[in-house]
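K.L.:
Line order of the protein sequences matches chains X and Y.
Just so it is clear: in the first sequence, position 25 is 25 by this note's numbering, and no numbers are missing.
Convert by adding 284 to the 1-based position in the second sequence; the result is the number in this note's numbering.
There could be a bad hint or two in this list.
As the list claims (entries may be wrong) - Keeping only pairs whose Cα atoms sit at most 25 Å apart, straight-line, the calculated SDA-like set for lysine to any residue is:
{"#": "1", "chain 1": "Y", "residue 1": "Lys386", "chain 2": "X", "residue 2": "Gly30"}
{"#": "2", "chain 1": "Y", "residue 1": "Lys330", "chain 2": "Y", "residue 2": "Ser498"}
{"#": "3", "chain 1": "Y", "residue 1": "Lys386", "chain 2": "X", "residue 2": "Tyr33"}
{"#": "4", "chain 1": "Y", "residue 1": "Lys429", "chain 2": "X", "residue 2": "Leu132"}
{"#": "5", "chain 1": "Y", "residue 1": "Lys386", "chain 2": "X", "residue 2": "Thr147"}
{"#": "6", "chain 1": "Y", "residue 1": "Lys361", "chain 2": "X", "residue 2": "Leu28"}
{"#": "7", "chain 1": "Y", "residue 1": "Lys429", "chain 2": "X", "residue 2": "Tyr142"}
{"#": "8", "chain 1": "Y", "residue 1": "Lys489", "chain 2": "X", "residue 2": "Thr147"}
{"#": "9", "chain 1": "X", "residue 1": "Lys114", "chain 2": "Y", "residue 2": "Gly508"}
{"#": "10", "chain 1": "Y", "residue 1": "Lys386", "chain 2": "X", "residue 2": "Met243"}
Worth flagging that the hints you see were computed from the coordinates, not collected in a lab.
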Amino acid sequence: MTVRWDLLLIPSFIFTFVLLTLSQTLFLEGSFYRDLGLGRTSDEFDFSNYLRAFTDGFYLTTLWITVKVSALAMIGTLVFSFPVAYVIARMRSRWGMILLSGIVVSTFITIVIKVFGIIIIFSADGWLNRSLMALGITDAPYTIIGTQEGVVIGLMYFTLGFGVLTLYSVVQTIPYSLEEAAEIHGASRIRMFWRVILPLSMPGLVAGGLMVFNMCMGAFTSAALLGGGKVFTLPVLIQRTIMMEVKYSMAGTLAAVLLVAVILINILSIMVLRRMRVARGVLA
Amino acid sequence: MKDLSIKTLGAVTMVAASMALVAPAMADGKFDGVTLRIATWGGSNKAAIESTLVPKFEALGGEIEFVTGSPQANFAKLIAARGRAPFDVMEILDAQLPDFAKTDYLAKIDLSKVPNTKDVPDWSYNEMGMASWITQETICYDTEKFADLGISAPTTYKDLAVPALEGRLSIPDITSGGGLANFAAISYAAGGDLKNVQPGLDLIKELNVLKFWSRGGETVTQFGTGDIYAAIVHAGWCVRAKKAGHPVQTVHPVIGDMAVGVQKYGRLGIMKSSKNYEAALWYVNEFIGFDNQFALATNTGVFPTNIKVAAKLADDPVLKQMLALDPAETGKQLRIDYTDADISAWVDQWTRAIVTN
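Chain Y with its partners taken away, still in its complex shape (with noise of 0.2 Å):
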């Protein structure tokens, strides 16, 4: 017994030292010493990021940590910082492109360090940012519920404003991640644009909707309470309320003779004030790599920027029924851009128009 413990011993202390030896030598790297901050979301979306790239960077010597929030919450800090951002790497909505342009808070990016941009399209980035994932933002409603109420499948946002879907239909505030593009489709829908909103709002207060949701994993929750039978939402929610359970499906909508469809991305932007912009190339190469972006697009439903995992995505059933895949069809969707948009005197008349007090 004796002899046993001290050969335990002798190997456990073997083991420690070889460990204590090799250790260092597997975190020797390229990035040794190395916090990078990235300000990006929470939830599954940060999940799938510390799945992929966290490991591959502290492989290289290096740390990630996230400042999480919404973009618009980020960029609120960055403003109040004047710039000197607290963080490295800032995740950012297409909406936002034209307030920073404003400003001089992004470094370019050497694009010859980003090799990955091969397998991504061309108008996906430029030397100010890289767009790092998409989503579809589509009708996502419960057949169920339709198919008792006797209501067909919804091709528009119009086919909402029946009275059996009143009080039952949950869309994006505004001020949400999928707010601006989802008031900017449905204003198009209804007959408007981006410098005429009003058709819009006519349209979203025909529809008496229950809730404006600030965050869309609330319209899970609303599907699986029966509170709501139908969402303005991005696909992914819609994918996580099926695999929840829920009986719903996604429906691509009409807008007008535009397009079939609407798209939202978020682009990834090195801040000029990073003191680790090597590791901050790194990991917005990483990023847009097949690994991340297949890891994204699986937990969370958003469409991948990369076209070889756009591919692969077909191979899951919930993600071939809930989203659209052929390249004929996504490049239909409606991207909008928001140079001529005064964001701020929708956000004005929104809240005029829709709040009921």
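Next comes chain X alone, as it looks inside the complex (with noise of 0.2 Å):
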């Protein structure tokens, strides 16, 4: 008798089903109909929210400070966290596993406290403004709070520890091997990194690039704290018209535009990354 192990996948699918599709197909639905106030919707089905969020240029710039920031916090990452991740990956002492769990533990801190900790290292009287005014490298404490570098540096902090989870993976499928043959055939740290481990790492930079991106695009809390109410991403402005405006239409067209944009910038990057490979391909 066959066991069929596949049909173990049915309660789950029902539940991502019900619980993801079928709540934002609800959304997706409402968002073609007007708001009339007050949580309540037209009969008529219209395009005027879609219309609205096209043109509007306050939403337009909202898109592109919620893509821009996102980017900013992706690059950052990555450029933070690969070297972390190279160092644990190539580690040969039980350190290596030690620091790792460190990771994987400070990526259960919930964001709310690691964003707190950070208002409180650059408050006016925190001991970085307090040296950083001593050493008389500032005139008057730099705040982070309702700028856009706050933002980014709030999105990071959120994504570092799954930047160099996914990292270390990506560097460990590395074979130490090749790094020594390069640097018996004379290479330098510098050039072995550029010709051989980037090279090899590219793929999953792009996969862990693009994963870090996508959850800084839906990041809440790190915008909404570190914002200050001045600074607008889209799922700050998406919170901000259904709990507060109950208008929930346009809450769905806002939630509708920003994943659409993230898959269209997630196929965009892998077709990129696609032509720049068959270009590779083509040179070599």
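The task is to assemble the complex, starting from two chains supplied on their own in separate frames and drawing on the hints.
P.N.:
This is the structure:
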């Protein structure tokens, strides 16, 4: 008798479908009706919310800010997490596992606590600002609240652990013997990094980068707490539109715009990567 | 030893048996088996209610559960449920009253069953709601920082628009609890009104604030970290900052020649969908009673609706310093009537003007 293990997938499929697909579908459907106030919507199907989202400079700017801070956070996360992931992956002592465990544990800490930690570090009377002013580097305390830089730092803090974990598994797939071979043939560490490690890591870097980017695009807490009511990303605007303005249709529209934007950016990135690979193959 | 153990066991059994007999009798009462669900703020507000109303209700056999969240969030839940609220009583902000007036979600309050109305002002209640607390919206400022910077104490919002305070102010986001009342007051003070809020927006932009707070408690933290030197916030948060050791003081802002100081108030409404109407009436009556109003005022720094409590607050030196307690003063404070205000347009204008995107 053959055991149909694949049947075990059915409950999780139903669970996912009900919780994710159905709720998204309801919101998406609602986005095609006009808000009448107090959470009520019109009965007539129309595209007015989408027209507004794509013609109103405010919404377009908010989309642009969301993409910009997410892209910057992604770059920052990759730049900071790659060396950490590399060092841990190449460690032969038990410290590698200890450090990796530390990173895993750090991802369990709620983002609210992490963000408040940043706020305290960068507070006017905090040690960082006092040190900067004592050293004469700044005249006045530097604040990150209410600035786009602050939101980027918050998003990086949110995604750094995930970045390290993803890139750790990528670096582990690169045989150490290749590095040794390059070293034997006289390659410097920098040359080895550019010609061996980076090209071989590229697919993983892109996948990890996209994962981080997607997380940032949908991140609410860091953007809301560090944006200080002055910097709006789409998730912040969606929360405000639903909870405070009770405009469910417009919120649904913005959620759909965010979803489509993320999917398009992901597809475009993969297409660009494939073209680059093909071009490299032709050149080689 | 054995005798002692048997004696002890006997005594324990007796006590347990007595408790088992007495406990139901103690809990037996008017609201046996009733679970009253209250939509209210969390934090110290809820803590005050838990210390006063919950034990009283439990003594009558019932149980109180809280559905915590801002009135805006709870209103959103109510709308989503098409009025079939997952709560019996809800705290409503004054700014929400015009919206509620358009709905049919509230039950009429039988005022004959709310005898504590004898201790509250006439304006504060009607059949559709009962004012439950009042906040005095103030400018809370750090006296030491102001002295260091050589800035005199502010009298109105415009006084905060000085270069030394740039990036050192925190004011409520329009979607926060205190947002609408303060925005309206700033607009009035800047020469605008409820129909024309542009002067208010211009003044807010001129203030160049560090943060638009969404919870008043954020300002207490920011005073502590030195990030802000002044905040527009209700006096209760300034009281808490003071009690936390920060050198702060409130100013009741001059609103043109209209008023000195601003008030915002909350109301209790009973949901039409409630199946616990009698218990809800009990809650409303007890809420405006002396004990609960005193606990709320002393724990959170809100101004009581109960006039007997207002007189008693002068005994607390910090409350006396931070709140306007004299009826002659409180009578001059501005209470916004939102009937003619297009709040949706305000939020839209605010978002476009204030967001630095």
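K.L.:
Now look at each hint and say whether the structure bears it out.
P.N.:
Evaluation of the provided hints:
Taken as a hint, the lysine 386/Y and glycine 30/X pair is honoured in the structure, with Cα atoms around 22 Å apart against an allowance of 25 Å. At roughly 18 Å between alpha-carbon atoms, lysine 330/Y and serine 498/Y fall within 25 Å of each other, so this suggested pair holds. For the given pair, lysine 386/Y sits about 21 Å from tyrosine 33/X by alpha-carbon distance, which is consistent with the 25 Å threshold. Pair hint lysine 429/Y plus leucine 132/X holds up; C-alpha atoms about 20 Å apart against a cutoff of 25 Å.
Simply put, lysine 386/Y and threonine 147/X have alpha-carbon atoms about 39 Å apart, too far for the 25 Å limit, and the pair is violated. For the hint linking lysine 361/Y to leucine 28/X, the alpha-carbon distance of about 19 Å falls within 25 Å, and the restraint holds. For the hint pairing lysine 429/Y with tyrosine 142/X, the CA-to-CA distance comes to about 18 Å; that is within 25 Å, so the pair holds. Note on lysine 489/Y and threonine 147/X: the hinted pairing holds, with a Cα-Cα distance of about 15 Å set against a maximum of 25 Å.
A distance of roughly 19 Å separates the Cα atoms of lysine 114/X and glycine 508/Y; the hinted pair therefore holds under the 25 Å criterion. Among the hinted pairs, lysine 386/Y with methionine 243/X is consistent with the structure: their alpha-carbon atoms are about 19 Å apart, no more than 25 Å.
Checked against the numbered hints listed earlier, the structure breaks hint 5 alone; every other hint is satisfied.
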